[in-house]
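Protein sequence lines correspond, in order, to chains A and B.
Residue numbers for the first sequence follow our numbering, beginning at 1 and rising by one.
Residue numbers for the second sequence follow our numbering, beginning at 417 and rising by one.
Since the hints were derived computationally from the structure, they do not count as laboratory data.
Note that the coordinates shown come from a computational prediction; the quantities given were computed from them, not determined experimentally.
For glycine and all other residues, C-beta sits at the position ideal for the given N, C-alpha and C.
Be aware that a few hints might be false.
[Said to hold, decoys possible] Output of the computed footprint for chain A on chain B, the stretches with three or more beta carbons under 8 Å from beta carbons of chain A:
id	stretch
1	454-461
2	494-507
[What the hints assert, rightly or not] These stretches of chain A come out as covered by chain B in the derived footprint (C-beta under 8 Å, 3 or more residues):
id	stretch
3	11-22
4	206-213
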Amino acid sequence: MKLVDHFQYGLNSPICLTWELTYACNLACVHCLSSSGRRDPRELTTAEAKGVIDELQRMQVFYVNIGGGEPTVRPDFWELLDYAVGHDVGVKFSTNGIKLDEKRAQQLAATDYVDVQISLDGATAEINDHVRGPGSYATAIRALENLAAAGFGQPKISVVMTRQNVDQLDEFATIADRFGAQLRITRLRPSGRGADVWDELHPTAAQQRQLYDWLVAHGDNVLTGDSFFHLSAYGEALPGLNLCGAGRVVCLIDPVGDVYACPFAIHENFLAGNVRSPGGFQQVWRQSELFTQLRQPQTGGACRSCGFYDSCQGGCMAAKFFTGLPLDGPDPECVRGFGEQALAAREADTLVPRSDVDHSRSARRNSRGPVPVQIGMPGRADGQQVRPDRACETSPLAGIPEDASDSRLRVPVAGG
Amino acid sequence: MSAQADAGFDPDRAYRCSPRVALRPEPFGALVYHFGTRRLSFLKTPQLVAVVSGLEQHDSVHAAIDAAAVDEAQRPAYLRALAGLATNGTIEERQ
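From just these sequences and the hints, can you work out the full model?
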């Protein structure tokens with residue numbers, strides 16, 4: 001059996017664990033996969049976060065990808081970073097660079113087992129700031145300058161590929177070279193606020209081909225994670241993991257300790273458990289019903305008869321889910337065009353799922369039309385009532401967004 | 417440096433798993449993490465895991481292969497795999 005076949009059936013511990021430390025963020029990127037903005041009052045405490053690190057050490061998770069929100073705005077971020085590194089859990093953290101001044105850059109340069117990944121979604125301020133907000137390009141570049149000046153070895157520059165920046169791939173590579181950085185490119189998913197802008201920002205079919213050709217020509221030193229395995233159907237498999245790793249080798253721990261199958265799948269359908277529950281993260285990873293199910297052999301569904309199924313594996317689960325496509329059908333960006341057909345064939349009343357976890361600071365754009373107005377206390381689909389957000393908030397409007405397009409926070413139900 | 421290490425791989429000598437390496441048991445064998453290079457790699461059979469973990473107890477790589485009851489026909493493949501592990505620093509000669 002090939003290694004990748006073993007991966008399908010899951011591992012004792014994840015290889016690629018993303019841990020979002022906070023939903024708080026100084027930016028409000030239009031495509032934020034976790035709809036971040038405001039801190040959640042239920043976020044893990046410093047002690048709880050250290051408990052998770054202890055558990056990761058026991059499970060031999062050798063490194064984690066820390067993100068958010070903007071993780072560095074957590075006051076205990078640097079303490080947790082040191083704690084993880086001191087417990088054999090290496091850290092790669094994603095940041096927009098806001099806290100990476102000269103002093104922090106020097107501190108990072110002196111720390112082993114820490115990788116820094118600066119997010120940049122345009123090779124020019126114009127294109128970057130359109131998506132990430134005014135001033136964010138300058139912030140990222142300043143952080144890269146500080147890291148370079150401090151002698152930090154090879155930070156990563158992480159780019160979400162959009163319709164606006166595919167043409168800038170060579171320029172991104174130039175920027176990476178300028179700062180001694182490594183380029184990492186990832187796929188725009190319709191997750192979080194990304195759902196609102198996916199239609200206008202996801203690469204066109206021609207751009208996908210352009211991206212694939214660029215990766216084949218230049219991809220050896222470019223990181224992609226498991227972002228682009230759906231493009232393998234163009235021909236040769238790309239470097240990186242050519243498999244959906246969700247729940248198999250990949251998962252997400254969110255700021256409140258919820259464990260999801262993948263960072264792009266913050267939705268209760270992909271919620272496997274919580275690290276605060278008895279048995280902790282290990283039990284969720286090894287025994288949750290959801291992850292057990294994701295490790296079953298996939299049937300391929302509507303894609304099974306396609307000659308390219310072996311290379312693309314049907315594509316990205318989250319991309320299908322958040323565009324209202326069936327999980328056993330084609331990826332919305334299927335390179336053979338079946339995804340576009342499937343999108344076009346959606347009925348007018350197709351319910352496109354939205355995440356019920358939203359920490360956006362402001363009401364957001366909603367390209368999918370009106371959201372039904374809720375009346376009365378927010379309830380769950382299973383009929384259980386939701387606990388008030390805070391003990392003092394017993395108003396019937398507590399938890400209901402000021403604006404119908406800004407969905408409410410999901411709050412746990414005792415015993416639920 | 418790595419080419420040298422590779423050229424220097426001698427299965428008649430004593431080796432050990434690098435102290436900077438951790439092996440994580442997995443259904444297929446083990447996941448290897450090198451804390452120095454921060455690289456992940458894989459030992460793709462449980463027997464290879466037994467050989468790598470057993471190096472420390474034997475005077476030669478060959479003896480460790482014998483102890484893990486590797487099929488004789490597989491020995492050349494195992495030696496190639498172990499030479500690769502010596503190159504990437506997973507295993508190292510011990511004095």
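Hints versus structure:
1. 454-461: Contact hint for the stretch 454-461 of chain B vs chain A: holds, 4 residues under 8 Å.
2. 494-507: Since 0 is below three, the answer is violated.
3. 11-22: Check passed, 4 qualifying residues.
4. 206-213: As far as the stretch 206-213 of chain A goes, the hint is violated, because 0 residues have Cβ atoms under 8 Å from chain B.
Checked against the numbered hints above, the structure violates hints 2, 4; every other hint is satisfied.
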